[in-house]
Amino acid sequence: MDLKELYQEIILDHGKNPRNKKICNGFNKDAKGHNPLCGDKVHIYLKTDQNKKVEDISFEGEGCAISIASASILTEIIKGKEHTLAKKILEDFLKMLKDGSKFQLNSLEENEKISMMSLSGVKKFPMRVKCASLAWHTFIHALEEKKTKVNTEKA
Amino acid sequence: MDLKELYQEIILDHGKNPRNKKICNGFNKDAKGHNPLCGDKVHIYLKTDQNKKVEDISFEGEGCAISIASASILTEIIKGKEHTLAKKILEDFLKMLKDGSKFQLNSLEENEKISMMSLSGVKKFPMRVKCASLAWHTFIHALEEKKTKVNTEKA
Amino acid sequence: MDIKSIKSQFPIFKKKINGNPLVYLDSANSSQKPKAVINRMSHFYENEFSNVGRSVHTLAVTATNRFEETRDIIKDFINAKYREEIVFTKGATESINLIANSYGDKFMNEGDEIILTELEHHSNYVPWHYLRSKKKAVIKFAKVNENLEIKVDEIKRLISNKTKMIALTHISNVTGGISPLKEIIDLANSKKIPVLIDGTQGAPHLKLDMQKIGCDFYVISCHKMYGPNGLGILYGKKKWLDLLPPYQGGGGMIDEVKKNTISFAETPTKFEAGTMQTAEVVAMSEAIKFVKTIGLDRISDHENKVLNYAIEKLKKNNSVKLIGNPENKASVISFTIKGIHPHDIATILDEDGVAIRAGHHCCQILHEKLGVPATARASLGVYNTKEDIDVLDSAIKKCRKVFNI
Amino acid sequence: MDIKSIKSQFPIFKKKINGNPLVYLDSANSSQKPKAVINRMSHFYENEFSNVGRSVHTLAVTATNRFEETRDIIKDFINAKYREEIVFTKGATESINLIANSYGDKFMNEGDEIILTELEHHSNYVPWHYLRSKKKAVIKFAKVNENLEIKVDEIKRLISNKTKMIALTHISNVTGGISPLKEIIDLANSKKIPVLIDGTQGAPHLKLDMQKIGCDFYVISCHKMYGPNGLGILYGKKKWLDLLPPYQGGGGMIDEVKKNTISFAETPTKFEAGTMQTAEVVAMSEAIKFVKTIGLDRISDHENKVLNYAIEKLKKNNSVKLIGNPENKASVISFTIKGIHPHDIATILDEDGVAIRAGHHCCQILHEKLGVPATARASLGVYNTKEDIDVLDSAIKKCRKVFNI
Ligand SMILES: Cc1ncc(COP(=O)(O)O)c(C=O)c1O
Ligand SMILES: Cc1ncc(COP(=O)(O)O)c(C=O)c1O
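Chains as they are written, first to last, in this note's numbering: chain A, 1 to 155; chain B, 156 to 310; chain C, 311 to 715; chain D, 716 to 1120.
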């Protein structure tokens, strides 16, 4: 049943007990994201090491189980990753949300893959894709220090 | 055939050779009317005698055969009439345009009735009623010295 | 009242949603349309279509007549005094923009005050916000009480000799609370302050009488009262509409156009720039006929029964918290469930064919006050039944199961 | 091209007008609608109706998808670069009001100049007139030549370093003349002056390519291109739409709303305040499919043949005077008959089932120049044939009989 796919144990767990939900110490980059239609908000904080590696990452925000779980999983996966790898993970993740394709990246560990795959149920719920992708779009804005605020309007 | 009823000889004659199409000497009241949808325009000039009788009446304007003929017939009929009678004629005329009823007024002469009745074909052409009534509405504005311009918009 | 037969007039209820019958509880967002409205529109396009008011050929004459007849039908429906008080717009949003612009340009100056309420929909705030920026005006928000009601005393408290407009909703699209219009308008009238009523949620549920209500402006969105999309009605007292400058400029609203000057037509024409939504206007006459045939009193009655049933039912569910507790209430219930975000609720309910809305419902001011970014909302139309509420209730119970709480 | 089969897709042609087959020559006013468009709208209301973008239930998801797909379809149809360049409005009139307001507020100052032409429809003049009054700006009218054409040299003559906008029609709705867009836009681009094209008459008849045309704004009315009433399309270059402030305020176009400040969504959302015309937008996709299936090149070709046939035919009639003689011309002929007012012509033609328009066609500036208050206009759609022109021609001959001249 699709609802079970959407609200998998992992998601519910991350939704209820989000990891890294705080302002991380010594962050040097951050960005805000907002979905004005449902009110989901996220604020991503990054501590990056000379633009090479994400040393620490955290988030604050409010939203549905999917958006909170997605942000929480994001922080777990991205922490410690090189920028280039982080971007590849992002691309793969968005692709999965869009067309349900599997991860190409072999460099991820099995449990990392499992937690990311837990969000794949979203693809059957088109209106919820934005919930799952908001934190990720916001993360890349923070990393690349884009000035605009992430805003997942209608589009 | 309806077209023949609409464009009766009398109408065509008044349309081609309008009577009293000028600014009458010594006019003391006037009013302008306009149908913005088709561009019909009329300007009525009145010379009234101590607010009792229409001594002279004339018009200027441009428009379709119906509107010119109607203005022309108006001036012929109204000239020399008392104000109260003039208003009664107007009411009867507008009623005729609306529901095709006959004139009640016995005080009109037969040839006057005939020329007014010549405009009754209009009732089968709802969009042309305004053409026939414009001059008459404008006349009453002039007579009663209303400040607003007559404007036969959509309504 | 035979709801089954009323419901059967709405083709959409033949549809299954995720294998279940559609339980449509999103009418405050937009109502479904009866067959008669849909057919009127097709019929018009197939047999009578023409632009209105501009041509003298037969089709144009018919179209113009149907169009203007609808104006009369609406005048009667809301008991306006003059047909010229009925202006067709794109929707409630455009109607409010029109008044905020047109009235604002002419009558507002720096420091003048507009009173709104914390219940207002963004459509009844953003246009006034523009005016605030443009004219350096001031917006004062009437506060809701603990039941999320607006009381006349709060409005009274805010009125000053700088108050130039009071704009408030007839029925809140979040709490369903009915504003005490009579008291507020009497007060405003006594101080010669014009009042705009956002009737978007009022018109579909309450019998309207403009001459009794006595407001200066009342706005309606046709798509929320069983009518077509893309059409709104602006009621304005003739004395105002005569005074106000036009809003949008274009064809059909002018008197005379020259290179240096332009003069405008009379009301309502001067406010209806450009080609109008002829088919929608004509079809609207069927929506009104539909409502009138049942009768707004009976619609209110029926909806109130279903509403009260829903309130009782949801109150029994400990995890559900109802938003607001207004004494006079119609057609809308908003709620939250502890530990489950409204968005997730909406998704889970949808699996059972239950359509509700989750979000801030274009009322961020109120949601900020409530301290929640979003709520879930179930809203009623004439087609809803107690059985719909039963389905809603059990779907809500399912939410906790899905979330293991 | 099989016009018979194309025409049979339009239900209205089954109708008799005063006992005669309908000869519809009023498409410049509004075009008739093919069955597919009408049916798409009914189907949507009967099976898929919901408001877009605001709810997460199944109906809302479907509606939102259909709505946004249409944006993509239009983007492709006019070859815009980005989907965000497509804004849905109420019509061409609203689109021009939007730009005049939004661009005007931000970029125009006292003494700045707007160039229009003597051919413009009131919809492409009145909004700029408002701006003129508000900002003490100046409007300069490019003069038509003896053929009633606008030439690039005339525009060049008017450009100054104060010119902040050039707004002109793609095709005149009176003469049918096609403006030399390429030359004018190249000139304007070289001086960094934005250009708005009123494409109301262009879009139904000419293949569009926004990236080639290179204008900054292009406006379209859907009801003139076989689509539903009450819907318009505003194309704007993304760099502009990103810069411009929103126009109407309301639901759906905001980012965040607080009591003191409001921030807005991105383009195109920030320009789409309030509930949109979902059914109309969705049905518009069928209108575009209809046009694309035939192909605009073939539509132009066919219409040109009928147009030229009409010109030849009417030229042979000594009492008929054609209005304007533009070299590049499409879809429209206006004319007068000596001794018979256009209004009377229209009435007489209507008896034979021929629908034309009489009046100033919302172009009083041009009519003042011509020295006539009104003209008669026959305008074409894809469904018109040479036989229609034959009926027109003999009906015109009848006019003289009725008038005994
Ligand atoms: C050239 C031109 N521009 C603008 C318009 C206005 O279009 P609409 O009335 O659909 O807004 C029209 C049609 O009326 C037109 O022919
Ligand atoms: C209370 C209220 N006001 C205004 C509106 C705006 O109506 P529309 O979007 O039809 O313009 C709505 C609905 O969205 C509403 O619920």
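There's no promise every hint is true.
Straight-line Cα separation of at most 25 Å, DSS-like style, residue types lysine-lysine; simulated pairs [said to hold, decoys possible]:
#1 K679(C) - K22(A)
#2 K53(A) - K146(A)
#3 K973(D) - K445(C)
#4 K648(C) - K187(B)
#5 K236(B) - K301(B)
#6 K176(B) - K973(D)
Hints in this document: simulated from the structure, not taken from any laboratory.
Hint by hint, which ones does the structure fall short of?
4, 6
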